[in-house]
Amino acid sequence: MKTYKYDVVIVGGGPAGLAAAVSAKKQQAKVAILERNGELGGILEQCIHAGFGLHVFKEELTGPEYAERFIDQVEDLDIDVFLNTMVLDITKDRHVSAICGEGVLHFEAGAVVLAMGCRERTRGAIRIPGDRGAGVFTAGIAQRYINLENMKPGTKAVILGSGDIGLIMARRLTLEGIEVEGVYEIMPYPNGLYRNIINCLDDFGIPLHLSTTITRINGKDRVHSVEVAKVDEHRQPIPGTEREIACDTVLLSVGLIPENELSRKAGVALDPVTKGPVVDENLETEVPGIFACGNVLHVHDVVDYVTTEAEEAGEKAALYAKNALKKSDASVAVHAEGPVRYTVPEFVDPEDGADKKIKFRVGAPIEKGVTVIKAGEKEVYREKKAHRFLPSNMEIHTLKCSAIAGVRGDLTVSVEE
Amino acid sequence: MNNELKKLYDVIVIGGGITGTGVIHELAKYDIDVALLERKNDIAMMATKGNGGVVHPGYDPHPGTLKAKLNPRGARMYPQLAKDLDFHIRHTGTMVFAYSEQDLKKVDELCDNARVNGVEQVERITGDQVRNREPYVSDKVLGALLAHTTTMVDPFEVAIAFAENAKLNGTDIFLESEVQDISKDEDGNFTITTNHDTYRTRYIVDAAGIYADDVAAMAGIHEYKIQGRHGNLCVVDNHLPTPIRTVMFPCPSPDTKGIALIPMPHGNYIIGSTATMRTNKEDTSNDAEGIQDLLDGAHKLIPNFDDGSVIRTFAGQRPVALNNDNDFWICESETVPHFIHAAGIQSPGVASSPGIAEYVRDLLADAGLDLKPRPGYNKYRKAPVDFSECSDEEKDQIIAQDPRYGQIVCRCETVTEGEIVAAIHQPLGAHTVEGVKRRTRAGMGRCQSGFCQFKVMKILARELGIPEEAVKFEEDHSPVLLGHVK
Numbered sequence: 000m001k002t003y004k005y006d007v008v009i010v011g012g013g014p015a016g017l018a019a020a021v022s023a024k025k026q027q028a029k030v031a032i033l034e035r036n037g038e039l040g041g042i043l044e045q046c047i048h049a050g051f052g053l054h055v056f057k058e059e060l061t062g063p064e065y066a067e068r069f070i071d072q073v074e075d076l077d078i079d080v081f082l083n084t085m086v087l088d089i090t091k092d093r094h095v096s097a098i099c100g101e102g103v104l105h106f107e108a109g110a111v112v113l114a115m116g117c118r119e120r121t122r123g124a125i126r127i128p129g130d131r132g133a134g135v136f137t138a139g140i141a142q143r144y145i146n147l148e149n150m151k152p153g154t155k156a157v158i159l160g161s162g163d164i165g166l167i168m169a170r171r172l173t174l175e176g177i178e179v180e181g182v183y184e185i186m187p188y189p190n191g192l193y194r195n196i197i198n199c200l201d202d203f204g205i206p207l208h209l210s211t212t213i214t215r216i217n218g219k220d221r222v223h224s225v226e227v228a229k230v231d232e233h234r235q236p237i238p239g240t241e242r243e244i245a246c247d248t249v250l251l252s253v254g255l256i257p258e259n260e261l262s263r264k265a266g267v268a269l270d271p272v273t274k275g276p277v278v279d280e281n282l283e284t285e286v287p288g289i290f291a292c293g294n295v296l297h298v299h300d301v302v303d304y305v306t307t308e309a310e311e312a313g314e315k316a317a318l319y320a321k322n323a324l325k326k327s328d329a330s331v332a333v334h335a336e337g338p339v340r341y342t343v344p345e346f347v348d349p350e351d352g353a354d355k356k357i358k359f360r361v362g363a364p365i366e367k368g369v370t371v372i373k374a375g376e377k378e379v380y381r382e383k384k385a386h387r388f389l390p391s392n393m394e395i396h397t398l399k400c401s402a403i404a405g406v407r408g409d410l411t412v413s414v415e416e
Numbered sequence: 000m001n002n003e004l005k006k007l008y009d010v011i012v013i014g015g016g017i018t019g020t021g022v023i024h025e026l027a028k029y030d031i032d033v034a035l036l037e038r039k040n041d042i043a044m045m046a047t048k049g050n051g052g053v054v055h056p057g058y059d060p061h062p063g064t065l066k067a068k069l070n071p072r073g074a075r076m077y078p079q080l081a082k083d084l085d086f087h088i089r090h091t092g093t094m095v096f097a098y099s100e101q102d103l104k105k106v107d108e109l110c111d112n113a114r115v116n117g118v119e120q121v122e123r124i125t126g127d128q129v130r131n132r133e134p135y136v137s138d139k140v141l142g143a144l145l146a147h148t149t150t151m152v153d154p155f156e157v158a159i160a161f162a163e164n165a166k167l168n169g170t171d172i173f174l175e176s177e178v179q180d181i182s183k184d185e186d187g188n189f190t191i192t193t194n195h196d197t198y199r200t201r202y203i204v205d206a207a208g209i210y211a212d213d214v215a216a217m218a219g220i221h222e223y224k225i226q227g228r229h230g231n232l233c234v235v236d237n238h239l240p241t242p243i244r245t246v247m248f249p250c251p252s253p254d255t256k257g258i259a260l261i262p263m264p265h266g267n268y269i270i271g272s273t274a275t276m277r278t279n280k281e282d283t284s285n286d287a288e289g290i291q292d293l294l295d296g297a298h299k300l301i302p303n304f305d306d307g308s309v310i311r312t313f314a315g316q317r318p319v320a321l322n323n324d325n326d327f328w329i330c331e332s333e334t335v336p337h338f339i340h341a342a343g344i345q346s347p348g349v350a351s352s353p354g355i356a357e358y359v360r361d362l363l364a365d366a367g368l369d370l371k372p373r374p375g376y377n378k379y380r381k382a383p384v385d386f387s388e389c390s391d392e393e394k395d396q397i398i399a400q401d402p403r404y405g406q407i408v409c410r411c412e413t414v415t416e417g418e419i420v421a422a423i424h425q426p427l428g429a430h431t432v433e434g435v436k437r438r439t440r441a442g443m444g445r446c447q448s449g450f451c452q453f454k455v456m457k458i459l460a461r462e463l464g465i466p467e468e469a470v471k472f473e474e475d476h477s478p479v480l481l482g483h484v485k
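Respectively, the protein sequence lines represent chains A and V. In terms of numbering that gives the first Met the number 0, the numbers along the first sequence are unbroken and rise by one, the last being 416. In terms of numbering that gives the first Met the number 0, the numbers along the second sequence are unbroken and rise by one, the last being 485.
Isolated chain A (complex conformation) (with noise of 0.2 angstroms):
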């Protein structure tokens, strides 16, 4: 067993993990990532499309590309890595235990920076029933196949949903011979980006079947057909408009979950909208000294936004182990209300001088609408321009401090059409 000391140590060597990271050492901090693959990157490793660091980097690039844009940067400010490392707990006082090839090591840590990632939705959370045969896979893992592993997932596939992933594996099947009967997805709505239905689905004709989703997979051994059917308003299939489509794959991009396995055995409180830790505008948790960014936190919708979450939490985290975060008592707590699902941070500190970042998302699409937020009953912001609001875009507002300072009661965040 080996124990080492770090100013920061950080769970995950993904996009989050790794903007933290050199955040952290560029505060002169002492840090370590402990990664459970092989190598740095995670899930970027596997997209190898390009449309990563458009904001960035003002430049198109591709995971790969773009992870190792980070991965150059951890290596030249000689941070410490700890790949095939497998966190298996972490407790309230910062202490994190992990096991690799070499045995069990632990890591006593001035600050933790949770940087694990999400999961995708699979079947059995959606429970279709039918058959268990092989050939389901998630969008993520036929990515895997694919792009790593150079395996044919199967030979004609429907895909259900229409995230972000669903969407790119249905332009990367058809790019491999494996055809795409159609995307089918639950929602009135997409859920993926507008530049990915054009680019994915339009671009090689592949049919997008809103309001309709897979009733029943059949095929005990190997899948041979599926059962689609329109749904109504609640998101019940509608009798009489099942129809039976011949495939040997299902491929399911129907959403994404944060991992926060870890972050519960750390006492990390968790929202029950985001499924990820609550936190402060320093995107610490409520457990002092662990800080959250990425996926983990909450579902982002491009990387880049990762990144620049990731770079503030390794700062923090960094300032926090040196002693020298500031920290007011005076938080308020930043609310969702109407269309709006949930906020990230849910708390802010109105006296402290910073200005305030506020990411949200809406539940469902609003043609024309502006964000407000409030302040009790006074309005604190409000966004100039009216724009469309979709549930698969994460919105960013900055609040400027001068318009809290002072400010009593909760600040509640909406969407007006």
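Hints were generated in silico from the structure; no laboratory data involved. For glycine and all other residues, C-beta sits at the position ideal for the given N, C-alpha and C. Treat the hints with care, since some could be wrong.
[Stated by the list, open to error] Where chain V lies over chain A, by a calculated footprint (3+ residues, C-beta under 8 angstroms):
no.: 1; stretch: 89–100
no.: 2; stretch: 151–165
no.: 3; stretch: 215–228
no.: 4; stretch: 368–374
no.: 5; stretch: 388–402
With the hints as your guide, set chain V onto chain A.
For chain V alone, kept in the frame of chain A given last:
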């Protein structure tokens, strides 16, 4: 090979479920030659794997039935078996909830049953006592039966343990061996023809589950009929916002114990199960209505049950001997001597299995089989390492011996590469993705193998020396991958 030159077994058991493996585990104690024939590519692939795993103590069966005799007897054997055979067991107790005055009468009846059936530590408790023990239980529960001795097992793990121990003591186990014909020879012995081979035996134990009547028919026996009682089940994440520690049932109806919420040995839960008779014996598909019934059933027990905690849904069929008052059908054939039926093993088949095994042993002895103790018999079986249960010191030691135990493959259930490799090379090793899952729990957690399946595939291909596209998911024609991309 000439038939006469073939080895003559004393007993061949047909069917490798919890019943058949229980029987070979019992017969392994005696100085006889025993073989097991299983049609699937692994053991416990039918009713045994589609099961909730409750070792019912035996308050349920009507006094005087075979069930009433064998269920308590089997259940009482489990704690010692778990020690000897090193399988997981969890002492949970059961509560059967009453929601009405009529239900309370039923609870009293069950308490009486328990007394007659010889089941100890069963009592009637009040609604408040129920909620004291389990705070999330519905306010509508007026009272309950509390059976203190109920335990929980993983039926597949038990069947594996039975079979491994039997194998260790000399039992031959033949997988992928589907019985196609049974004939009685002039010398009074049976010849069994499978899809691969022929076998000779003096006695047959028919433990072929839902196909037991079809197997019996091959020997010209038409004494009973089997139909499947189909049941939907759900697996629930080990992190439940309303955790429970006791198995919970509503009051039973004649055909079913009702929809229960069951805490499993490894910390997750099962909701099970619905009950509808089916004519298609192969149909283990599940259905939306059944899943909804399960969720409704869970809410009846725990009003704030979180539907979002369900991580998997599945179904199984329990073999029911028709026109038999829901009792087991275990006896020597009336028409063909030395052919023992161990059939109609519906619920509580898991709980009864060790009792059934002893009963079948006695039937064999009554039919003339000479049972002398096996010299050098070993009653123990050692389970493979369960890394998640080791202390830090043990982990260090294991990893120092084999660094593959330091590589976590399944993050949800903390399963290491070392454990998967061991499961593949066990005496009855895993050779499918699902086989690995049932032995190690890799892929059983909340991500349902989304992160680890490609790793398990690689390990299986490497250890079995086959290409990845030849790795099976479960059944014979169930490739996970269909070749390489360009």
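Hint-by-hint comparison with the structure:
1. 89–100: It holds, with 4 qualifying residues against the three required.
2. 151–165: holds (count 4)
3. 215–228: holds (count 5)
4. 368–374: Since 0 is below three, the answer is violated.
5. 388–402: Our answer is that it is violated, as 0 residues pass the Cβ test (under 8 angstroms) against chain V, missing three.
Of the numbered hints stated above, those contradicted by the structure are hints 4, 5, listed in ascending order.
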